[in-house]
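Starting from the known structure of chain A, fit chain B onto it as the hints suggest.
Spelled out from the first residue to the last, the chains are:
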Amino acid sequence: MNRFFLLLLLSLATITSILGQSKYYYFTETVIKPEVEVVPKLNNMSVEEIIKMPRLTFSIIDSIHDIDPKMVYWLKFDFTEFIHLFDQYDTIYLVTINFDNAYFFKQMDNSIVKQRMGLNTKPSYKSALITRSFFPIRKIELINDRYIIVKVTEIFGRNNWRQIPFYLHHNKHQISQENKVLPELVTPRFYAYLFSGLAIGFFLLNILIYFNSKNKVYLYYSLFIFFQAFYYLRLTTALHGFWEYYFPLFFRILIPLSQILINLTYLLFIKAFLNMKQDYPFLNRLIAILIYILSALILTEIILLVSTPNSAYQPFIMNAHRLLMTLFTIFGVFYLYLNKKSNFVYFVIIATLIFLSGALITLFTGSIEYMILCAGLESIVFATGLAYRIKAMYDEKYNIEKEASYLSQSVLRAQLNPHFIFNSLSSIQYLISSDDKCGALKYLGKFSHLVRQILENSIELNVSLKREIELLKLYLELESLRFNNSFHFEFDIDNKLDTDNQEIPLFLIQPYVENAIIHGLLPKKNGTKTLTIIFIDAPEHIQCIIRDNGIGREAASLIEKVRHYLPRGLSVSEKRIQILNKNKSLKTSVIFEDSPNGTTVNIIIPKI
Amino acid sequence: MDVIIIEDELKSRENLKLLLNKFCKDITVLDMAHDVSSAISIIETYNPDLIFLDIELQTGTGFEVLQKIKKRNFEVIFTTAFEQYALKAIKFSSIDYLLKPIDLEELQQAIAKVRLKKDKEHYKEKLELLLRNISEQPNEKSKICLATGDGLEFIAIKDIIYCEASGSYTNFHLVDNKKLMVSKNLKEYEHLFENHQFMRVHNSFLVNLEMVKKFIKSEGGYILMKNDAQISISQGKRDIFLLKMSQLR
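As given, the protein sequences belong to chains A and B, one line each in that order.
Read left to right, the first sequence gives residues 1 to 608 (the numbering used here).
Read left to right, the second sequence gives residues 1001 to 1249 (the numbering used here).
Isolated chain A (complex conformation) (with noise of 0.2 Å):
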C-alpha cells in the first residue's frame, strides 16, 4: 500500500516537473517575437547584413525549436507595431532571459554601436552595473527606425528557444526579473555569508555539545566561533543594517570588542584543547598572562566606546592587541613544534598558520576576502581536532573498559595461581593418604578459608591491611606445606600503622610473594631459605617490602628460559597497578632491587 502510494506520488512529481519544463511562457505585457537568422559559429556575419536581409530564414522565433550551442542566433526585433508606445513614454524596455553571452545593437548618432550583454560578461569596474536582463531603448535608437538586433552567443540551461520570453515594458521598475548587483560588493560578502552560516552552525553544535557533556573545550570553541560570526556579520548588508538600526550602541561596542573576543576564546581554546595544564606548563602560565592583559583591554575599550566613541586611542589599542598576539602566535607554534606532546598540536599549528597568513594577506592586499577564507579553514581545522578529540577520548574509554572487563575475568586465575590451588589439594590429599587426619583438617581449612575469600571479593574492592596480611599468612602456610617447611618466613608490621583502617587492593602483593617463593627461595641449593615482608607507614602510602634471600632474579631468569610458559600472576598485578594510578596523582608503584644474595621488592601502596 505504502508503496503504491509512494509510486503515485513519484509519477506525479514526474509528470508535473515534465510538463513545467515544456510549458510556455504568458505574458500580460506586450510579447514581441523576432525575426531569427541561424547561422553557424564558424561563419562570421556583421550586424549590417542581417539589417540588409529584407526576410530572416524565420520568420518567427516560434518556428525554430532546439537552441544549437553551435550556432550563433540573430535576432531582429521590429518595432513597427509598437512604435506608438513611444508617443506614451520617453524610454521602453526590451525584457528577456539572461543570457550568459550576447550582444546588443542600436543606433546611435547614424551608426550602430553594440554593447555586451549576459553572465559571463566580465564587467567593467567602471560601469560598475551588471545589466543583465532587459534593455533601455528610446525612439531614436532603433536601427532604420524600426529595428533592435540582438545577437546571442551563448544560453546556458535552457535547450528551447519556447521558454525564452521577449517582451516590452515601459517602467524598469515594475520589471520582476530586474537585477543589479555590484560586483566588488558581492565577493566579500558572499564570503561572509558563506563564513557565518558555517560558523552559526558550528556554534550551535559546539554549543549544544557542550551543554551534554559540559567539557569546557567545546564552550570555547563555540564561543570563538561565534565572535567570528559576529565580526564578519558586519560585511552582510541585510545584518549589519538589523543590528546598526535596532541595537547601535551595542553594536558599535561589539565590533571592535569581538576582535578582542575572537582572541581571547583561541587563547581559551587551545589552552583546554592542549590540556596546557598539564602538557605545557610554562605556555600555560603565559597564556594566562595574556589572558589578564586582552581582559584589561576589554575593560579599556569598553570604558573608551562608551565614554568618547571617536577616541584616538581606541584604534592604539586595537593594533597594540593585534601585535600582541601576531607575536605570541608566532612564538606559540615555534614552542608547541619543537615541545609536542601529542598530535593534537598538529591542529593547533596548522589552524594558527592558515588564519595568521590569512590576515598577513589581508593586511597588504586590503582584500578583507581572505581573512574571512582563513577563518573558515581556520575553525574547519579546529574542528576536525574536536572530533579526532572525540574519537581518541572514545578509544581511551574504550581501551580502558576493554582492560577493566578483562581484568574482572582473569583475576581470579592469575591472583590464586591455579598451580597453587591444585597443587595445595594435592598436598592435603597425601596428609589423607597417608592418615595423617589432624594436619589434613587443619590445612583443608586454611585452604577454604583462603579460597572462600578471593571469591567473594572481586578486583575493585579493597581489604583492611588486617584482613590482607592474615590471607597472606594463610597462603604462606599452604605454599610452606606444600614444600615441606622447606622455607621460612616472618613478618614485621609498623606499629604506627592503622591495620584496621587502612585498606590496600586485595591480594595486590600475593604475586609478587609467589614470585620470591617460587623463583627466588625453591631453585636455591644450600643455607637456610627466608622470606621476610615488611609493612611501613608513610605520612601519604603505605609501603611494603618483600625480601627473599634467594637466587636472585638473574639466575632465576636463565631458569625461566627453558620453561614452556611464563608466570602470568606479575603481568596481570602490573596491568592492575596501571589501571589503579589512572587519573590519579599519588601512584601505586613497584621497585625490584637485585642482588645476588636475593631480591627485595618495594610496593609503595597510597593510602586511601
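List time: in silico DSSO-like cross-link candidates among lysine-lysine, alpha-carbon distance up to 27 Å:
1. B/1022 - A/442
2. A/437 - B/1017
3. A/442 - B/1017
4. B/1068 - A/525
5. B/1022 - A/437
6. B/1237 - A/402
7. B/1226 - B/1244
8. B/1017 - A/525
9. B/1017 - A/446
10. B/1025 - A/437
The set of hints was computed from the structure by calculation and includes no laboratory data.
Okay, now just chain B, sitting in the frame of chain A:
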C-alpha cells in the same frame, strides 16, 4: 609392572606412591625423581614399563625428559596441576594424563589401559608426535592421533574435511572418503583445533575452513565442502563464517 614417578613436589610424589601401593595391584614403584637430570638417570638405570611424568619440574619440563631419552620403550602417564597449553598437545597425541589432585578411579583406569596395550610400535609414534607438537607451532604437517575402535590413526589435520557429532562420539570425514569414529565429543575437538582453521558452524558440525568449496545462500544457507558434502550452518554463525572465509582468502 615396574613404575617410576617423576614429580617435583615431595608431597605429590609421596601421595602418588601411596595411592599406587595401596590401591593398585601388581605395581612396583622402583624409584622417584624430582628434576630432569635425575629422572633421565633413573629411567636409564631401571628401564621401567610405565612412567608417571609431571609436566612442570623445578629445572625444566617433563617433555625435556622425553626428548633426552633415545630408547623410549615405556608408557607415559602425564600428571599436571594446571597446564592448558601442554595438555592440548598431550590430547593431540592421545596420550593419557591425570590431573592433580589425583582421582583414584582415573588412576586405576589409566593403569588398566596400559596393561591392555598391544601396539607398542604405535606408542613410540605417539610420543614423537607429542614432542613435535610441543616444539612446533600449528602448521601444514601438524598431525593428530585418533584412538578409534580398531586402534590408533595418525591423521594430518589438513586432511580432515569436517567433523560430525554423533552423540558422545565424533565422526571424522577425511579427504580419501575415509570416515573415522572417535569416542570423544565434538566440543573436545573444537577446543583442540582452535589454533587451526576450523569452525563450529553448527551444533553437529566442525568444518575445516580450508576445505570449504562454497557457501550456498538458498534454502537457509549451507556449506558445500570439497567432497561435495552439504553442511548446514546455524543462523547465528553465518556472519562469523563469512568473515572468517574472507580473511582466509
